[in-house]
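The hints should help you fit chain B onto chain A, whose structure is shown.
2 protein chains.
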Amino acid sequence: MLTKTPHLFDEATAVTAGDSRWQGRTSPDYWAFVGPFGGCTAATILRALMQHPQRAGDPLALTVNYCAPVAEGVFDLDVRLVKANRSSQHWSVEMTQGAGDVATLATAVFAERRPSWSHQPAAFPGATPFEQLRPYPKLAMTWANQYDFRFAEGEPKLGGGAAKEPSSAYSRLWIADRMPRKVDALSLMSMSDAFFGRVFHARHELVPFGTVSLTTYFHVDAADLDAEDITRLLAVADARIFHKSYGDQHGELWSPSGRLLATTTQIAYFKA
Amino acid sequence: MLTKTPHLFDEATAVTAGDSRWQGRTSPDYWAFVGPFGGCTAATILRALMQHPQRAGDPLALTVNYCAPVAEGVFDLDVRLVKANRSSQHWSVEMTQGAGDVATLATAVFAERRPSWSHQPAAFPGATPFEQLRPYPKLAMTWANQYDFRFAEGEPKLGGGAAKEPSSAYSRLWIADRMPRKVDALSLMSMSDAFFGRVFHARHELVPFGTVSLTTYFHVDAADLDAEDITRLLAVADARIFHKSYGDQHGELWSPSGRLLATTTQIAYFKA
Numbered sequence: 001m002l003t004k005t006p007h008l009f010d011e012a013t014a015v016t017a018g019d020s021r022w023q024g025r026t027s028p029d030y031w032a033f034v035g036p037f038g039g040c041t042a043a044t045i046l047r048a049l050m051q052h053p054q055r056a057g058d059p060l061a062l063t064v065n066y067c068a069p070v071a072e073g074v075f076d077l078d079v080r081l082v083k084a085n086r087s088s089q090h091w092s093v094e095m096t097q098g099a100g101d102v103a104t105l106a107t108a109v110f111a112e113r114r115p116s117w118s119h120q121p122a123a124f125p126g127a128t129p130f131e132q133l134r135p136y137p138k139l140a141m142t143w144a145n146q147y148d149f150r151f152a153e154g155e156p157k158l159g160g161g162a163a164k165e166p167s168s169a170y171s172r173l174w175i176a177d178r179m180p181r182k183v184d185a186l187s188l189m190s191m192s193d194a195f196f197g198r199v200f201h202a203r204h205e206l207v208p209f210g211t212v213s214l215t216t217y218f219h220v221d222a223a224d225l226d227a228e229d230i231t232r233l234l235a236v237a238d239a240r241i242f243h244k245s246y247g248d249q250h251g252e253l254w255s256p257s258g259r260l261l262a263t264t265t266q267i268a269y270f271k272a
Numbered sequence: 001m002l003t004k005t006p007h008l009f010d011e012a013t014a015v016t017a018g019d020s021r022w023q024g025r026t027s028p029d030y031w032a033f034v035g036p037f038g039g040c041t042a043a044t045i046l047r048a049l050m051q052h053p054q055r056a057g058d059p060l061a062l063t064v065n066y067c068a069p070v071a072e073g074v075f076d077l078d079v080r081l082v083k084a085n086r087s088s089q090h091w092s093v094e095m096t097q098g099a100g101d102v103a104t105l106a107t108a109v110f111a112e113r114r115p116s117w118s119h120q121p122a123a124f125p126g127a128t129p130f131e132q133l134r135p136y137p138k139l140a141m142t143w144a145n146q147y148d149f150r151f152a153e154g155e156p157k158l159g160g161g162a163a164k165e166p167s168s169a170y171s172r173l174w175i176a177d178r179m180p181r182k183v184d185a186l187s188l189m190s191m192s193d194a195f196f197g198r199v200f201h202a203r204h205e206l207v208p209f210g211t212v213s214l215t216t217y218f219h220v221d222a223a224d225l226d227a228e229d230i231t232r233l234l235a236v237a238d239a240r241i242f243h244k245s246y247g248d249q250h251g252e253l254w255s256p257s258g259r260l261l262a263t264t265t266q267i268a269y270f271k272a
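Protein chains in written order, with the UniProt record's numbering: chain A, 1 to 272; chain B, 1 to 272.
Only chain A is shown next, with the shape it has when bound in the complex (with noise of 0.2 Å):
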């Protein structure tokens, strides 16, 4: 942690207690179109399993299924370790606001990650200095201003109407946290889902939009993250297709060094 007091991040985050039940707030500096921000939820959830003393050796895989808009306020977060052996935990998480309906629904894997042979054919994709970039402008979302992004490539060209040609949906941007936090798993799965919707960069406009469902690996353990000691990520996405109301995105996660980090996916739904 770079700050004293507690990060905004770290605050929109929390969760209380609980063995198989956990409780959370949604965080009006992180809000998105009509809910919280999915990556803000996804690192909710990340954070409850993190803290659960059942929990043993770190994230490997995390998929959640928005499943309904999760309104402000509070919601519980039903915790349940599915099955556990020698090197890895399979988790379950169910989030419920209100009469129990369920908002989100999460699976996790957790792995105690042993020394193997070790080979990362994915090319680092390098970019201008982020100190020679300039900061994305502010946007109305409250969540994207958490965040200080920074286009070496596709920066989005929003207004003006829909383009008559597509444009690329490709991005190779930084992304930091603005008021600086040092990267750990909580902040590399919310900022995998830190993009704008692909949609947005192929049509060059905002229409409606929201993820269904996202799924991030982590490609390093918590004494590989702390070893790199960062507090920004060079990241790409791209979109495949774009069909009957629904897209794709998939995208990569790499420190400063050129180290793979995560991968992320996600489809997500659009009208257009």
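Identical copies look the same in the list; a pair holds intra-copy or inter-copy alike.
Using 20 Å as the maximum straight-line C-alpha spacing, the simulated DMTMM-like pairs for lysine to aspartate or glutamate come out as follows:
no.	residue 1	residue 2
1	K83	D101
2	K83	E72
3	K182	D58
4	K271	D221
5	K271	D58
6	K271	E112
It is worth saying that the hints were derived from the structure and are not from the lab.
Chain B alone, transformed into the frame defined by chain A:
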């Protein structure tokens, strides 16, 4: 269906009865190293959902977490509709055996897909025609013999010990049921796990390997798939990283006409 007698794939993924609880049985015809082929398990789960009386719409996303090897014999599927709204459904499925030990944990999203702007930025990889490529030789694992794999690029070179330098993990190949069967959502799901482990390609050798979590997105609905009317796919797969006993895979499944049918990603354990 192109055959009059039931296809082995349909027998292997058969499920019976049930509102919330369904039953099935592993098939010796789709067996892998220490349990059934994961693609067959995923397709069986999807079949239970598709046959469920409350199901509406087409599969959009399926994530399967392989918690433990599925033992030979019968299993139960505990199927739960977690949330439904006007145009989508969120499902949870647990595969259990014996005293209720969870072997597989899955979440699925179904959607009634509405017409929209349609755009496919991904480039069709293309390949030498199926008929001009030789089938990959038969393997000891029965599941692999249910498929006709024809590599256009990246055929794995196994045996002779580990390569001194890692090879590319990229493959481009045709995948067909050996006994022809019209591609539907079930076989698409199964084929999304029908790539050989990327680590085998990179290292030129078989090593202990197991998929931990698999996510597949469907980019076509039943009407789209029906219009394609195909019995084989062109598939590509690659890996980005192998580190501390886990490696990733991402793949695309294309119709021969150049339509992207599904995308898939997985994280897998390996010992090397």
